[in-house]
Amino acid sequence: MNRSAPRSIDQYLRQLREELAGADSALIQDALYDAEEYLRAEVAAHPEKSESDVLELIASTYGAPDEVASAYRDTEIKVKAAMATPRKEPHTALGRFFGVFLDPRAYTSLFFMLLALATGIIYFVLAVAGLSLSAGFSVLIIGVPFFLMFMAVCRVVSLAEGRLIEAMTGVRMPRRPVYQGAALGFWARIGEMLRDRRTWSTIAYLVLMLPIGIIYFVIAVAGLSVSLSLIVLPIATVIAQAGWFGVGGIEAFSDAQPAWAFHTGFGIPVLGLAGLLLLTSLMHLARGIGRLHALFAKTMLVARSAPSAPEAAESGAPLAA
Amino acid sequence: MDDSNERKFQKELNGGLVGLVLLAVLAESDEDLYGYEIAKRLANANEGTSIFKEGTIYPVLRALSAGNLLTSRIVPSYSGPPRRYYRITEQGRGVLAEWKLIWASTRDFVDRFTEIQNSEIGHSS
Numbered sequence: 001m002n003r004s005a006p007r008s009i010d011q012y013l014r015q016l017r018e019e020l021a022g023a024d025s026a027l028i029q030d031a032l033y034d035a036e037e038y039l040r041a042e043v044a045a046h047p048e049k050s051e052s053d054v055l056e057l058i059a060s061t062y063g064a065p066d067e068v069a070s071a072y073r074d075t076e077i078k079v080k081a082a083m084a085t086p087r088k089e090p091h092t093a094l095g096r097f098f099g100v101f102l103d104p105r106a107y108t109s110l111f112f113m114l115l116a117l118a119t120g121i122i123y124f125v126l127a128v129a130g131l132s133l134s135a136g137f138s139v140l141i142i143g144v145p146f147f148l149m150f151m152a153v154c155r156v157v158s159l160a161e162g163r164l165i166e167a168m169t170g171v172r173m174p175r176r177p178v179y180q181g182a183a184l185g186f187w188a189r190i191g192e193m194l195r196d197r198r199t200w201s202t203i204a205y206l207v208l209m210l211p212i213g214i215i216y217f218v219i220a221v222a223g224l225s226v227s228l229s230l231i232v233l234p235i236a237t238v239i240a241q242a243g244w245f246g247v248g249g250i251e252a253f254s255d256a257q258p259a260w261a262f263h264t265g266f267g268i269p270v271l272g273l274a275g276l277l278l279l280t281s282l283m284h285l286a287r288g289i290g291r292l293h294a295l296f297a298k299t300m301l302v303a304r305s306a307p308s309a310p311e312a313a314e315s316g317a318p319l320a321a
Numbered sequence: 322m323d324d325s326n327e328r329k330f331q332k333e334l335n336g337g338l339v340g341l342v343l344l345a346v347l348a349e350s351d352e353d354l355y356g357y358e359i360a361k362r363l364a365n366a367n368e369g370t371s372i373f374k375e376g377t378i379y380p381v382l383r384a385l386s387a388g389n390l391l392t393s394r395i396v397p398s399y400s401g402p403p404r405r406y407y408r409i410t411e412q413g414r415g416v417l418a419e420w421k422l423i424w425a426s427t428r429d430f431v432d433r434f435t436e437i438q439n440s441e442i443g444h445s446s
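Chains A and H are the protein sequences, given in the same order. Note that the first sequence covers residues 1 to 321 in the numbering used here. Note that the second sequence covers residues 322 to 446 in the numbering used here.
Hints are computed from structural coordinates only; laboratory data are not their basis. Since the structure is predicted, the reported quantities are computational estimates derived from the model, not experimental observations. Don't take each hint at face value.
Below 25 angstroms or equal to it, Euclidean Cα-Cα: the simulated SDA-like pairs (lysine to any residue) are [to be verified]:
#1 298(A) x 395(H)
#2 329(H) x 60(A)
#3 49(A) x 367(H)
#4 298(A) x 332(H)
#5 49(A) x 399(H)
#6 332(H) x 73(A)
#7 332(H) x 4(A)
#8 421(H) x 74(A)
#9 361(H) x 67(A)
#10 361(H) x 56(A)
#11 361(H) x 45(A)
#12 361(H) x 73(A)
#13 421(H) x 346(H)
#14 361(H) x 53(A)
#15 49(A) x 366(H)
#16 361(H) x 94(A)
#17 329(H) x 74(A)
#18 361(H) x 41(A)
#19 361(H) x 61(A)
#20 361(H) x 43(A)
#21 361(H) x 74(A)
#22 329(H) x 431(H)
#23 332(H) x 59(A)
#24 361(H) x 5(A)
#25 49(A) x 412(H)
#26 329(H) x 73(A)
#27 329(H) x 70(A)
#28 329(H) x 298(A)
#29 329(H) x 56(A)
#30 332(H) x 66(A)
#31 332(H) x 57(A)
#32 361(H) x 191(A)
#33 49(A) x 403(H)
#34 329(H) x 57(A)
#35 329(H) x 21(A)
#36 361(H) x 47(A)
#37 361(H) x 11(A)
Below, a sample of chain A positions facing chain H; criterion: calculated Cβ distance under 8 angstroms [stated by the list, open to error]:
#38 33
#39 34
#40 35
No residue lacks a Cβ here, since even glycine has one placed at the ideal position from N, Cα and C.
Looking at chain A on its own, in the form it has when it is part of the complex (with noise of 0.2 angstroms):
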């Protein structure tokens, strides 16, 4: 890149943004926290120089924007491909459509689905608890620390929500958290923290994953109870009849069950079949949330890829996206 050298750790973080425009946003937070550590203690040993003429030498040293940025880029293809299991598609519709039980994907959706009531409970209350203490101590002395204590705890708990997202539905998520930039002033820093859209977001999510998930939950659980139950229904009947149970036999079932269902010898079998269709495509329907829930997840959590040029200039802070 014919580009002017950077000469300050802003206009390096900022170069190499740039340079990762359209790479995955998780990475890029990655790739930006990893130089900016870089930077940041290279500078801290040398004492004696400028910031700028430390910055000097850095792309002999670090490496220059591009290739630092091509590094990512290429280590990121080459992780993928030797993590990812190379999978045989199925080629007829009915292999595609049974095949969602040999992904591993379908079934961590499936648990994410569950999981959801629980964090989304969690992650409720701690902000609705943050915001409302925030509010009511914001009068106080302690308001403001406290405000930034909460941020501290949304921040690290919008990067666990990540590591668990990635590792249910293996989109990629941060690895590293938004490191704020330490050149600003304390009050500077607040101030960003506040007109970060990110900021907002992310308590947007916590809040909002209550109601998601409650549906999630819903959906997993009736969905798994009424396939399973159906499922099972021809082996009891046929247990029962046999009489292998004799606990009351064929009965206690008939009274639960319609009735035609066991007055016509074949209805059995066609409500398994039913279950096992049902059962299916609520295998591929956590599959879909799964992976519409890690987009969400991430315009919500992980800062937006890149923001427009005039704004980073105007503003001049390396990572207020």
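Mind docking chain H on chain A? Use the hints.
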């Protein structure tokens, strides 16, 4: 033109070597190390200039960590963002032993053909 060819060749070579070197550095170290420290150790071992750009070791560290060859923990820092300290795992040591053997045999094999120009190589590095 020549310069970019050299760099391209070096980059191709580094592909797998960075991981090997990082594992070796961490296996030798008694304490956990963070990215910057590792970068500086590599540079110091080679009279101040590392063969590969230090910015390229971070993604590799992360990849090794994702493959369970390294474990890591986060420690706050005064100079910048919290640092991630890495330590080699038992699995990492096993992989390192294998990679060392592969590297030794590869080096011997290549040397067999390039040894004639050995003095030139020593001169240019």
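Here's how the hints hold up against the structure:
1. Restraint check for residue 298(A) and residue 395(H): satisfied, since their Cα atoms lie roughly 23 angstroms apart, inside the 25 angstroms limit.
2. This hinted pair checks out: residue 329(H) and residue 60(A) have alpha carbons roughly 15 angstroms apart, not beyond 25 angstroms.
3. For the given pair, residue 49(A) sits about 23 angstroms from residue 367(H) by alpha-carbon distance, which is consistent with the 25 angstroms threshold.
4. Among the hinted pairs, residue 298(A) with residue 332(H) is inconsistent with the structure: their alpha-carbon atoms are about 33 angstroms apart, more than 25 angstroms.
5. The suggested pairing of residue 49(A) with residue 399(H) holds, with an alpha-carbon distance near 18 angstroms, which does not exceed 25 angstroms.
6. Straight-line distance between C-alpha atoms of residue 332(H) and residue 73(A) comes to about 14 angstroms, which keeps the hinted pair within the 25 angstroms bound.
7. At most 25 angstroms may separate the alpha-carbon atoms for a hinted pair to count; residue 332(H) and residue 4(A) meet this at roughly 24 angstroms.
8. Restraint check for residue 421(H) and residue 74(A): satisfied, since their Cα atoms lie roughly 24 angstroms apart, inside the 25 angstroms limit.
9. The hinted pair formed by residue 361(H) and residue 67(A) meets the criterion: a straight-line CA distance of about 19 angstroms does not exceed 25 angstroms.
10. With a CA separation close to 17 angstroms, the supplied pair residue 361(H) and residue 56(A) stays within the 25 angstroms bound.
11. In summary, the hint linking residue 361(H) to residue 45(A) is supported, as the alpha carbons are separated by about 11 angstroms, within the 25 angstroms threshold.
12. At most 25 angstroms may separate the alpha-carbon atoms for a hinted pair to count; residue 361(H) and residue 73(A) meet this at roughly 23 angstroms.
13. Restraint check: the Cα-Cα separation between residue 421(H) and residue 346(H) comes to about 13 angstroms, which is no more than 25 angstroms; the hinted pair holds.
14. At most 25 angstroms may separate the alpha-carbon atoms for a hinted pair to count; residue 361(H) and residue 53(A) meet this at roughly 18 angstroms.
15. Of the pairs offered as hints, the one joining residue 49(A) and residue 366(H) holds, with about 23 angstroms between alpha carbons and a cut-off of 25 angstroms not exceeded.
16. As the CA atoms of residue 361(H) and residue 94(A) are separated by approximately 57 angstroms, the hinted pair breaks the 25 angstroms bound.
17. For the hint pairing residue 329(H) with residue 74(A), the CA-to-CA distance comes to about 14 angstroms; that is within 25 angstroms, so the pair holds.
18. Our distance criterion of 25 angstroms between C-alpha atoms is met by residue 361(H) and residue 41(A), whose separation comes to about 11 angstroms.
19. This hinted pair checks out: residue 361(H) and residue 61(A) have alpha carbons roughly 9 angstroms apart, not beyond 25 angstroms.
20. Of the pairs offered as hints, the one joining residue 361(H) and residue 43(A) holds, with about 13 angstroms between alpha carbons and a cut-off of 25 angstroms not exceeded.
21. The hinted pair formed by residue 361(H) and residue 74(A) meets the criterion: a straight-line CA distance of about 23 angstroms does not exceed 25 angstroms.
22. In summary, the hint linking residue 329(H) to residue 431(H) is supported, as the alpha carbons are separated by about 19 angstroms, within the 25 angstroms threshold.
23. For a cut-off of 25 angstroms, the pair hint linking residue 332(H) to residue 59(A) stands: about 15 angstroms separates their Cα positions.
24. Simply put, residue 361(H) and residue 5(A) have alpha-carbon atoms about 22 angstroms apart, close enough for the 25 angstroms limit, and the pair holds.
25. About 42 angstroms separates the Cα atoms of residue 49(A) and residue 412(H), which puts this hinted pair outside 25 angstroms; it is violated.
26. A hinted pair counts as satisfied when its Cα atoms are at most 25 angstroms apart, and residue 329(H) with residue 73(A) qualifies at roughly 16 angstroms.
27. Among the hinted pairs, residue 329(H) with residue 70(A) is consistent with the structure: their alpha-carbon atoms are about 13 angstroms apart, no more than 25 angstroms.
28. For the proposed pair residue 329(H) and residue 298(A), the alpha carbon gap of about 35 angstroms is over 25 angstroms, so the pair is violated.
29. Distance check on the hinted pair: residue 329(H) and residue 56(A) sit about 23 angstroms apart at the alpha-carbon level, within 25 angstroms; holds.
30. At roughly 14 angstroms between alpha-carbon atoms, residue 332(H) and residue 66(A) fall within 25 angstroms of each other, so this suggested pair holds.
31. About 20 angstroms separates the Cα atoms of residue 332(H) and residue 57(A), which keeps this hinted pair within 25 angstroms; it holds.
32. Our distance criterion of 25 angstroms between C-alpha atoms is broken by residue 361(H) and residue 191(A), whose separation comes to about 36 angstroms.
33. About 23 angstroms separates the Cα atoms of residue 49(A) and residue 403(H), which keeps this hinted pair within 25 angstroms; it holds.
34. A distance of roughly 21 angstroms separates the Cα atoms of residue 329(H) and residue 57(A); the hinted pair therefore holds under the 25 angstroms criterion.
35. Of the supplied pair hints, the one linking residue 329(H) and residue 21(A) holds, its CA atoms being roughly 23 angstroms apart against a limit of 25 angstroms.
36. Only pairs whose Cα atoms come within 25 angstroms are accepted, and residue 361(H) paired with residue 47(A) is accepted, the gap being roughly 16 angstroms.
37. Proposed proximity of residue 361(H) and residue 11(A) is supported: the alpha carbons are some 23 angstroms apart, at most 25 angstroms.
38. Interface restraint check for residue 33(A): the shortest CB-CB distance to chain H comes to about 6 angstroms, inside 8 angstroms, so the restraint holds.
39. The closest approach between the C-beta of residue 34(A) and any C-beta of chain H is roughly 4 angstroms, which is under the 8 angstroms cut-off, so the hint is satisfied.
40. A distance limit of 8 angstroms between C-beta atoms decides the matter here; for residue 35(A) the minimum to chain H is near 7 angstroms, and the interface restraint holds.
Violated hints for the displayed structure, listed by number in ascending order: 4, 16, 25, 28, 32.
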